[in-house]
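Visitor: Residue-level listing of the chains:
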Amino acid sequence: MDPSQARRLQIDRRREGMRRQRRVTQATAAGAVVAAVAFGWAFAHESAASAGTADSTQPSQTGTTTGGAGGTLRQPDQVPAAADSTQADIQSGGS
Amino acid sequence: MRGLAARVAPARAAFPALGSTAVLLVTDERALPEAERVLRDELAAIDAACSRFRPDSEIMRLAAHAGRAAPVSPLLAAALAEALRVARATGGLVDPTVGQSMLDLGYDRDFAALDRDRPDPVHPRPAPGWWRIMLDAEAGEVLVPRGVLLDLGATAKAYAADRAADRIARAAGGLGVLVSIGGDLATAGPSPDGGWLVGVGDDHRAAAPGDPVVAVTSGGLATSSVTQRSWRRAGRTVHHIVDPRTGDVPEPVWRTVSVAARSCVDANAAATAAVVLGRAAPAWLAGLGLAARLVGHDATTVTATAVTVAGWPAPGGAR
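Chains A and B supply the protein sequences, listed in that same order. In terms of our numbering, the first sequence opens at residue 1 and continues consecutively. In terms of our numbering, the second sequence opens at residue 1 and continues consecutively.
Where hints are given, some of them may not hold.
Claimed, not checked - Which bits of chain B does chain A cover? Going by a derived footprint, with three or more residues having C-beta under 8 Å, they are:
id: 1; segment: 38-45
id: 2; segment: 54-64
id: 3; segment: 205-211
Said to hold, decoys possible - Non-contacting residues of chain A with respect to chain B, defined by C-beta distances greater than 10 Å in every case (computed):
id: 4; residue: 11
id: 5; residue: 37
id: 6; residue: 74
id: 7; residue: 91
Keep in mind the hints are simulated off the structure, nothing from the lab. Backbone N, C-alpha and C fix where the C-beta goes; we use that ideal spot for every residue, glycine too.
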């Protein structure tokens, strides 16, 4: 191998090393993006296990998968009227 | 008012239930025995599912599954769903996770067996929060976090009243039904002429002079009062209505609140929330369009001023 061939070989190896380093950098960046998306998805979907202990009074947006619907107390069809009689059928009071 | 002169008083049955009194009224006396059987059946089922004072109740056995999903019966799932619905609707003023707060205040057994004067101090803690209960009613599963004690309390009684009244009325077409559990009442079917005549006061067991009478033709009517189920703890009077935000009894603004709503559960939740909410309660109830009567107190006397909101009959008609 003459000196010029040896120099070209050295340059080729250096370029190959730089390409490999670039691929590693790109793969790392892509992996970071995938990991960030995965973490975001995971934390946006609270699991049942995250409700494992009681240590906070801050409400979350989840709570129930069913049974939480209907966010108001409903009015009666007809409100109570003043009675003509003072003799009640029944008493409502504290118990 | 229709035909009041010819009004026939409804047939009546009453018996002890759920640490209180159950009263059943029906518009046809012949239907009373079967209606009472259905009511007793419903109350027994609710007690077995929801009682905080029975170690063998389904809700107490959930403690063995703390922090993990546990299977629940359709009845307990439905009762929990109702409790969570009203917790959401009241912004957490009525919260089923106040069980530990109740224990801390000393309400740790059936009220009849309670030590009414304990000297040891109380260190109230806020309720963990209803939003931590993960319920899948369709799958029949619930996850109660570790450290959370459930207390469905009056919500379960009101739910039992709603269920029983509806079931009795459906079984006997055309029958008017009123079910009261501890003074919180649900109606179903047609009301008697002139409506169900309901006295409203501090105590469901007996009317006091001046208690008004109102005519109810549909839905539910419930009363929450701090004059009942109260006891002494560390030198002060406490009672069974807890502010979930503090874990302590609420500021003494309202002595007794009565509310009419579509169901007994909703009426009970609104009445209890109003006691907890204090001074802001009349505006809150009016905003919801719920007819209500609020009686204030100054913590030591029974002198009170009644406030009525959202269509509740003006004072008058008192006995």
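Visitor: For each hint, tell me whether it holds in the structure or not.
Guide: Status of each hint after checking the structure:
For the segment 38-45 of chain B, the stated coverage by chain A is violated: 0 residues have a C-beta nearer than 8 Å to a C-beta of that chain, whereas at least 3 were required. Only residues whose beta carbon comes within less than 8 Å of a beta carbon in chain A count, and the segment 54-64 of chain B has 0; fewer than three means the coverage is violated. Given a C-beta distance limit of less than 8 Å, the hint that chain A covers the segment 205-211 of chain B holds, as 4 residues qualify and 3 suffice. At roughly 63 Å, the least C-beta separation between residue 11 of chain A and chain B is larger than 10 Å, which holds for a residue marked as non-interface.
Non-interface status of residue 37 of chain A relative to chain B is upheld: no Cβ of that chain comes within 10 Å, the nearest being about 26 Å off. Interface exclusion of residue 74 of chain A from chain B breaks down, the closest Cβ pair being 4 Å apart, not more than 10 Å. Non-interface call for residue 91 of chain A relative to chain B: violated, since the shortest CB-CB distance, roughly 4 Å, does not exceed 10 Å.
In this structure, the hints that do not hold are numbers 1, 2, 6 and 7, in rising order.
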